[in-house]
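Asks: With the numbering used here as the guide, the letters of the sequence shown map in order to residues 45 to 993.
Listed next, with one range per pair, are the computed distances between beta-carbon atoms: (1) Ala-967 to Ala-904: 20 to 26 Å; (2) Phe-834 to Arg-92: 49 to 55 Å; (3) Phe-834 to Gly-931: 39 to 45 Å; (4) Ala-904 to Ala-298: 37 to 43 Å; (5) Asp-207 to Pro-88: 25 to 31 Å.
For the record, the hints were derived by calculation from the structure and aren't laboratory data. Bear in mind that the values here come from a model prediction, so they are computed numbers and not experimental data. Glycine residues also receive a C-beta, built at the ideal position from the N, C-alpha and C atoms.
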Amino acid sequence: MSTAAVSATLPFRDPGLPLAERIEDLLHRLTPEERVAMLHQYAPAVPRLGVAEFRTGTETLHGVAWLGEATTFPQAVGLGATWDEDLVREVAEAISVEQRAFHHHRPPVVGTGRNSLQGWAPVVNLLRDPRWGRNEEGYSEDALISARLGAAFCRGMSGDDPDHLRTAPVLKHFLAYNNEDDRCTTSSGLRPRVLHEYDLAAFRLAIATGAATGVMAAYNLVNGRPCHVSPLLEQQLREWAKPTGHELFVVSDADAPSNLVDPEHYFDDHAESHAAALKAGIDSFTDHFEDSAPTFGRISAALKRGLLSMADVDQAVRRQLSVRFRLGEFDPEQDPYAGIGWDAVNSPAHQALALRAATESVVLLKNTGVLPLAADRRVAVVGPLAHTLFEDWYSGSHPYRVTVAEGLGVEGVEGVDRIVLRTPDGRALTAVGPEGRLAVTDAQDTDPAVQWDLFDWDLGVLTLRSAATGRYASLRDEDQRVAADRDQPGEWEVHETFRLESAEDGAELLFNICNSRYAQADPDTGVLTMTAETPEQAARFTRTVVRDGVAEAVAAARTADTIVVVVGNDPHINGKETTDRAGLRLPPQQDRLLREIAAVHDDTVLVVMSSYPYALDWADEHVPAMLWISHAGQETGRALASVLRGEADPAGRLPQTWYRGDDQLPGRLDYDIIKAGWTYQYHRAAPLYAFGHGLSYTSFDYTQLAVEQEGLGQDGEIRVRVSLRNAGPRAGTETVQLYARALDARYQAPRLKLVGFRKARLAAGQTAELEFRLPVVEALSHWDVVTGAFTVDPGRYELVLARSAAAPALTAQLTVTGPAPRSRRALEGPLRAVDFDDYEDLALVDATREDGDAVAPAGATATLLFRQVDLSGAGRLAVEVSRTGEGDAAVLELHVGERRLASLEVPATGDRYVWTTVTAPLAEQLEGVHDLRIVLTGEQRLRTLTFAP
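Make the full structure from the sequences, and use the hints.
Replies: Next comes the structure, spelled out in structure tokens:
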């Protein structure tokens, strides 16, 4: 019999056997070497068993990415603005169907075999800081929205067949990943409350319900420990998944396994680091692209050194095989999704869904009556994004584009300068020939080949588009020449960004940001190369403006009844993966354009098309109507036009806070949303536009708020009913937001916390009765650092039905009854240092490489506060500490009020992971409950405090 025939008769091929038996049968037929080889992203085939090669990961965030043209939907932050779980599930279903089509009908762009059916999406990282370079990839700053939309996306990706997955969705990026600058070496400090109430909460729903099949670990560290060796993978994520009957398949991010040695220096060598990652829960190593040899060698070395056992390898392989079986790989005749055809890609149904998703995502920020546009209004569209739709790094390739100008049926004026750059000898920078290769020539200013549209994206970053080719100047790696041949900026390393730097002699120097070189022109051929290392070697240019962009836009404005100004960002520039934003301001050239237009035209509508919020203080005061939309895919123009004309009601609501320009935001690396004051939950200053904000063309009345029981036990259920009436003259959509807050909190409670939301589409005059049913423990609990668990304190709470976090409509109070929370008891056992109630100048660090957290001074001195500690009977203090060097003295002091109860000198232990216990008697014994203040001075780490009689 042939190998294929023998393979077909083996037990793992029998769909009648339980899944676990099939997995074990195949696992034990694999040799140890074959099993180790499966741990790389590109797992090789096993021909003797008829097992095909397998790869993890197709990017599917808002469309199938990197494989060719596919339906493009709004960016994730735009989907977040819909606040619509059903819509997000439909979008994910369409993406997964197209992913299946690529799998069955198109070869991979890289490597051999088939395109992966594992989808690396959604991203549920929380949008804590709007300056995050990858803001576009997340849904919201709020954990509830992110969790619910993430779970809906996963359900859409995986399908509803009980035995087979349409695709296998993977949640990204675990954990607390919200900065790009130095992302591989920065540590996100998460105190227990922030960890459990905020960052973990975004991941839990999709995992606990079985909607997600996997998780990708993040590049960063959390509390000093790389996420790729985090104990939380097993302690939290896999514990949540247990009731579903399926284990999570955890993948690394690209090259992150190697990062554990360099640049993180967390382990001494790669065998040690790979062993630690595998034992921590990483099942697949995305490293060295298609080359699996380094991963195979490192894990093999770890096995030989006894750092790993084959049982560790087998566990990871089981998780991979489980997903592959559920995807139908080993019984394709049983696979309900095997018949999906290529015609599913960009199908009419998916195009219609892309339009609906984009339309539902539009947020009306302000409207004094300019909108909706009357049918007889003459409309002009101006701005750098008037007839441009950008893709981003994780979007699909647009099969077509409907720009804002096209959607409104007008020509569109970009409002950017068209320039000519000439050398001192009079030659002009020219796009030569059909490929648009740059050289300096003797052409005239009137020749389109020497004319360049100059797009200024702020911070001196420019793009140059040839008037002749309509394409952007781009650096060519192979010869460092430049050609105007790119449809738009893109790729991992952006080759299309330049600066025009001023030289001391008054000339301008063309500098390419990608290769950090200046332009030089060959004296004989005029060919331009980006090869000059110093300004002295660079070619000199003089700029001539042959078309004033702002003047052209103002002229267009004077001929129209309403001006639509379209501004925003290019997702590849000044804020993207690996690069955080510098701030929140609109690029100055765009701001100038807006001001000039508003000065000559009262009916100005500002459309912000962006991946993130801007500080639009001036516009909010002077522009009568403003909308925001993300880079919303191929149907963006039609979607905006339908909202602007009033064919659709603006249904989007902001998924994150839009701060004012003068608001002093917390530090980028301050992940403690409670103390730093991040998000609508804790931010103290009034924002420009609040979380949940969004206007409608109609109005809604909230009446008859009823809470079924105003007194509830801690295990009870909140039942809230409200009557919602469309009181306006036209149909519209309202997103009813239910918030809660504790009125008698003993801890720093959120100012407001979203606990439920509901979208209602009502005809004019229609009324709907809405009901919210919420378990008390889900709506009102907080993480109690005393008990190490979620708890609901007895006391008064307020429920707020609102149009946004800053626009309450109705409120009601309820009281939770139950036993009062107890104080900490000093003699009960060790008190973890990280379980503080408050602190100053503190860093959260790792206690060991494997597990546990500790604290250390962030500077010379740190302070911890433990509230309500019962010191009755306590006479001695023992502290578990470490200290790397001798140096200056390190001291730990215990204070109660103004009294110092203990002072302990911390000895050097020689290593941060070598711990010792230091004890001292208390200066006096105190009975009853007190607030404890711990002061750490000098280099040291504190893990626990233990009191004894």
